Amino acid sequence: MHLSPEEFIDVIDGTRSEPSLAHLQSCSACRDRIADLRATLTAAADASIAAPSPLFWDQFSQRLHDAVAMEPVRGGSRSWFGRVGMPLAAGAAVAALILAVSTVRLIAPHPNLSPPQLAFVAAPPQPQEAGDPSLELMADLAGGMVDWNALEEVEFTARGTADHAVTHLTEAELLELRRLLQEELADKVS
Amino acid sequence: MTFEPSAGLTKVTLADLDERSLIDACIADVPGAFDLVVERHRRPVYQLCYRFVGNHEDASDLLQDVFLRAYRGLRNFRGQSSLSTWLYRIGVNVCLNRVTAKRAETEPIEELHFVDLRTESPSELLLKQERDARVRAAIARLPPKQRATLILRTYHELSHQEIADVLGSSVGAVKANFFHALGNLRKLLVEGG
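Chains as they are written, first to last, in the numbering used here: chain A, 1 to 190; chain B, 1001 to 1193.
Please keep in mind that the hints were generated in silico from the structure rather than gathered at the bench.
Distance windows between CB atoms, simulated:
{"no.": "1", "chain 1": "B", "residue 1": "PRO1031", "chain 2": "A", "residue 2": "ALA39", "range": "48 to 58 Å"}
{"no.": "2", "chain 1": "B", "residue 1": "ALA1028", "chain 2": "A", "residue 2": "ALA29", "range": "54 to 64 Å"}
{"no.": "3", "chain 1": "B", "residue 1": "GLU1039", "chain 2": "A", "residue 2": "ARG31", "range": "39 to 49 Å"}
Here are the computed lysine to aspartate or glutamate pairs in the DMTMM-like style, where the Cα-Cα straight-line distance is at most 25 Å:
{"no.": "4", "chain 1": "B", "residue 1": "LYS1187", "chain 2": "A", "residue 2": "GLU6"}
{"no.": "5", "chain 1": "B", "residue 1": "LYS1145", "chain 2": "A", "residue 2": "ASP13"}
{"no.": "6", "chain 1": "B", "residue 1": "LYS1187", "chain 2": "A", "residue 2": "ASP10"}
{"no.": "7", "chain 1": "B", "residue 1": "LYS1187", "chain 2": "A", "residue 2": "GLU7"}
{"no.": "8", "chain 1": "B", "residue 1": "LYS1187", "chain 2": "A", "residue 2": "ASP36"}
{"no.": "9", "chain 1": "B", "residue 1": "LYS1187", "chain 2": "A", "residue 2": "ASP32"}
To give an idea of the chain B side of the interface with chain A (calculated C-beta under 7 Å), a few residues:
{"no.": "10", "residue": "TYR1071"}
{"no.": "11", "residue": "ASP1132"}
{"no.": "12", "residue": "ARG1136"}
{"no.": "13", "residue": "GLY1172"}
{"no.": "14", "residue": "LYS1175"}
{"no.": "15", "residue": "ALA1176"}
{"no.": "16", "residue": "PHE1179"}
{"no.": "17", "residue": "LEU1182"}
Keep in mind that this is a model prediction, so the values were computed, not measured. Just so it is clear, CB atoms sit at the ideal spot from N, CA and C, and this is done for glycine as well.
Construct the complete structure from the given sequences, taking the supplied hints into account.
Set out below in structure tokens:
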């Protein structure tokens, strides 16, 4: 069996002597292979390369300086703004985001409740005014199903939102709202 | 060792620092520290790149890439190998990336400018230039890992273990690569006349 690649390299490196490998005494193919490998290695080692001119190194230094200058500042050498200002700015940005979200919730109608549900709440069923039996039935059903306190607990009508304002009217406000709705309906009928 | 940069530190004192302290100085952005690292290692890294790609233009681009990556990564250098071995590792990775993206183009012989101080006759010099160019071109045609192994072993005299560290392989694999690199190089040289 011939030498393994590792054994060939060990012989070329000199870390293993040729006489220590008994196979080499009897195998001319392996001996020839070792001679070829040595010759190739010598040819490779002799091949010199062009040395760049001193001018190249000056230009290279300048290019590298420019490239390094374009690099983002590394963590350990941040300026005062990097160490202190950046976290403060990030905190301010988060606070502004929270404020913006709160403002939008105050202005915009709550998407979790559809207008018909709000109408039922805003105009609680009044027996003397509910002429349509089907509406009376729906109002009864809705009144029995919706627990507004529970909704508030799960923040469907959070305090400060438009939904909360509609579902927490005073008696006088309810009367006024009813009057306005009746006027609106009367206009449409006529 | 922790390096504490002081206002009076100059390049002259930087030159006296050992490798670890110089790296610490680079991390602390001491003026001139990284320049000194570049100055010390640019020639062998350039030679590695040149032998890998076979032409000056690509080699100079790769050289810049190597030192930029080194600048970015110095903070993560643990000192488990020497700085030069670490730079060779970056260099080999950069070169391997390049050769997979672009086939190496070796320079024509007439564009090569050698600085050879040996007293040889013009004809001898010309013959040697041609021979060297053939060898370089053949090396540039070897499979990338064989090429890297041959270059690091033959021209940079890294041990098999160091090459294994650079390439992320075993010593056995490095020796096998070296063996096949020499075999393939011989074939290419014979084919090329």
